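Participant: These protein sequence lines are chains A and B, in that order. Each residue of the first sequence is one higher than the one before, counting from 1 in our numbering. Each residue of the second sequence is one higher than the one before, counting from 113 in our numbering.
I should point out that these hints are in silico values taken from the structure, not numbers from a laboratory. The structure presented is a predicted model; accordingly, all values stated were derived computationally and were not measured. Where hints are given, some of them may not hold.
[Stated by the list, open to error] Label-pair restraints from in silico Cβ distances:
| # | chain 1 | residue 1 | chain 2 | residue 2 | range |
| --- | --- | --- | --- | --- | --- |
| 1 | B | G168 | A | Q18 | 25 to 33 Å |
| 2 | B | V135 | A | P45 | 21 to 29 Å |
| 3 | A | T7 | B | K131 | 35 to 43 Å |
| 4 | A | D65 | B | L123 | 16 to 24 Å |
| 5 | B | Q194 | A | R66 | 38 to 46 Å |
| 6 | A | S105 | B | R199 | 42 to 50 Å |
| 7 | A | Q18 | B | R128 | 15 to 23 Å |
| 8 | B | L224 | A | K108 | 33 to 41 Å |
| 9 | B | N165 | A | S105 | 24 to 32 Å |
[Said to hold, decoys possible] Listed below are the simulated DMTMM-like cross-link pairs for lysine to aspartate or glutamate, each with C-alpha atoms no more than 20 Å apart in a straight line:
| # | chain 1 | residue 1 | chain 2 | residue 2 |
| --- | --- | --- | --- | --- |
| 10 | B | K131 | B | D185 |
| 11 | B | K177 | A | D99 |
| 12 | B | K155 | B | D185 |
| 13 | A | K44 | A | D87 |
| 14 | B | K177 | B | E113 |
| 15 | A | K44 | A | D99 |
| 16 | A | K79 | A | D99 |
| 17 | A | K79 | A | E110 |
| 18 | A | K44 | B | E158 |
| 19 | A | K108 | B | D185 |
| 20 | A | K108 | A | D1 |
| 21 | A | K44 | A | D1 |
| 22 | A | K79 | A | D33 |
| 23 | A | K112 | A | E86 |
| 24 | B | K177 | A | D1 |
| 25 | B | K155 | A | E110 |
| 26 | B | K155 | A | D1 |
| 27 | A | K112 | A | D75 |
In this text, a Cβ means the ideal position worked out from N, Cα and C, and glycines have one as well.
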Amino acid sequence: DVVLTQTPVSLSVTLGDQASISCRSSQSLEYSDGYTYLEWYLQKPGQSPQLLIYGVSNRFSGVPDRFIGSGSGTDFTLKISRVEPEDLGVYYCFQATHDPLTFGSGTKLEIK
Amino acid sequence: EVQLVETGGGLVQPGRSLKLSCVASGFTFNNYWMSWTRQAPGKGLEWVASITNSGGSTYYPDSVKGRFTISRDNAQNTLYLQMNSLRSEDTATYYCTRLGRGWFAYWGQGTLVTVSS
Chain A
1 DVVLTQTPVS
11 LSVTLGDQAS
21 ISCRSSQSLE
31 YSDGYTYLEW
41 YLQKPGQSPQ
51 LLIYGVSNRF
61 SGVPDRFIGS
71 GSGTDFTLKI
81 SRVEPEDLGV
91 YYCFQATHDP
101 LTFGSGTKLE
111 IK
Chain B
113 EVQLVETGGG
123 LVQPGRSLKL
133 SCVASGFTFN
143 NYWMSWTRQA
153 PGKGLEWVAS
163 ITNSGGSTYY
173 PDSVKGRFTI
183 SRDNAQNTLY
193 LQMNSLRSED
203 TATYYCTRLG
213 RGWFAYWGQG
223 TLVTVSS
């Protein structure tokens, strides 16, 4: 199975600062069709997870442009510029390139 | 507005069965793949099962293959998860999800399944 390793495990950020989360895959996530099925999800406290980013860098409907996904192959990053209070929660990367589909173990973002 | 409402969770003894349902609304149900994803208490997310829009193909990780069955009734806009031979490690909140731009573009509120004697 593909293992997605997220770092850091937790992150404490001052409001207005930038946060960066890394997701490293044990295998390349580029599919044979050239697409990279790497996504990012946020689970706010007490809520269901929500999709933020699909295809490495595409923001889902309604996601602010403060959320920026990047990367290729096995190394991916989610950057959150100008962190706001509503950004707190647990961030998960996810891959759908290889079977079985797998999630990273999560990064908890806290506000200082 | 896309809505996914799960029901059927509860307390069940190890080795017994339980069937979850998810009623969908706000979109054309038979146009989309659907999935179940779960989250054990205080833990991360785990993909459980997916089904094509027609219901003709299904997919599972090894952890539930042979015990869980995903199905759908497109006439009733309903997704199901039949869970057999339940184990304590199946204790989790189960989420119904819909494919969109991302694999899990839309989520229900979840239903809690507790496997315990």
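Participant: Work down the list of hints and note, for each, if the structure agrees.
Facilitator: Here's how the hints hold up against the structure:
1. Distance hint check: the CB atoms of G168(B) and Q18(A) are about 46 Å apart, inconsistent with the given range 25 to 33 Å.
2. Separated by about 26 Å at the C-beta atoms, V135(B) and P45(A) satisfy the suggested range of 21 to 29 Å.
3. As the Cβ distance of T7(A) to K131(B) is approximately 39 Å, the hint placing it in 35 to 43 Å holds.
4. A hinted range of 16 to 24 Å for the beta carbons of D65(A) and L123(B) is inconsistent with their spacing of about 44 Å.
5. Distance hint check for Q194(B) and R66(A): the Cβ-Cβ separation is about 42 Å, which falls inside the suggested range of 38 to 46 Å.
6. For the hinted restraint 42 to 50 Å between S105(A) and R199(B), the CB-CB distance of approximately 21 Å leaves it violated.
7. Separated by about 49 Å at the C-beta atoms, Q18(A) and R128(B) break the suggested range of 15 to 23 Å.
8. Under the hint 33 to 41 Å, the C-beta atoms of L224(B) and K108(A), about 22 Å apart, miss the expected range.
9. Checked against the hint of 24 to 32 Å, the pair N165(B) and S105(A) passes, with Cβ atoms roughly 31 Å apart.
10. Straight-line distance between C-alpha atoms of K131(B) and D185(B) comes to about 14 Å, which keeps the hinted pair within the 20 Å bound.
11. For the suggested pair K177(B) and D99(A), the alpha carbons sit about 13 Å apart, so the restraint of at most 20 Å is met.
12. For a cut-off of 20 Å, the pair hint linking K155(B) to D185(B) is broken: about 31 Å separates their Cα positions.
13. Using a Cα cut-off of 20 Å, the hinted pair K44(A) and D87(A) holds, with the two alpha carbons roughly 8 Å apart.
14. For the hint pairing K177(B) with E113(B), the CA-to-CA distance comes to about 33 Å; that exceeds 20 Å, so the pair is violated.
15. Only pairs whose Cα atoms come within 20 Å are accepted, and K44(A) paired with D99(A) is rejected, the gap being roughly 27 Å.
16. Restraint check for K79(A) and D99(A): not satisfied, since their Cα atoms lie roughly 27 Å apart, outside the 20 Å limit.
17. Of the supplied pair hints, the one linking K79(A) and E110(A) holds, its CA atoms being roughly 15 Å apart against a limit of 20 Å.
18. Distance restraint check for K44(A) and E158(B): the Cα-Cα separation of roughly 17 Å lies within the 20 Å cut-off, and the hinted pair is therefore satisfied.
19. At roughly 37 Å between alpha-carbon atoms, K108(A) and D185(B) are farther apart than 20 Å, so this suggested pair is violated.
20. Proposed proximity of K108(A) and D1(A) is contradicted: the alpha carbons are some 24 Å apart, above 20 Å.
21. Restraint check for K44(A) and D1(A): not satisfied, since their Cα atoms lie roughly 27 Å apart, outside the 20 Å limit.
22. Pair hint K79(A) plus D33(A) does not hold up; C-alpha atoms about 26 Å apart against a cutoff of 20 Å.
23. Between K112(A) and E86(A) the CA atoms are separated by roughly 13 Å; this keeps the pair inside 20 Å, and the hint holds.
24. Simply put, K177(B) and D1(A) have alpha-carbon atoms about 15 Å apart, close enough for the 20 Å limit, and the pair holds.
25. About 17 Å separates the Cα atoms of K155(B) and E110(A), which keeps this hinted pair within 20 Å; it holds.
26. Straight-line distance between C-alpha atoms of K155(B) and D1(A) comes to about 19 Å, which keeps the hinted pair within the 20 Å bound.
27. Restraint check: the Cα-Cα separation between K112(A) and D75(A) comes to about 27 Å, which exceeds 20 Å; the hinted pair is violated.
Violated hints for the displayed structure, listed by number in ascending order: 1, 4, 6, 7, 8, 12, 14, 15, 16, 19, 20, 21, 22 and 27.
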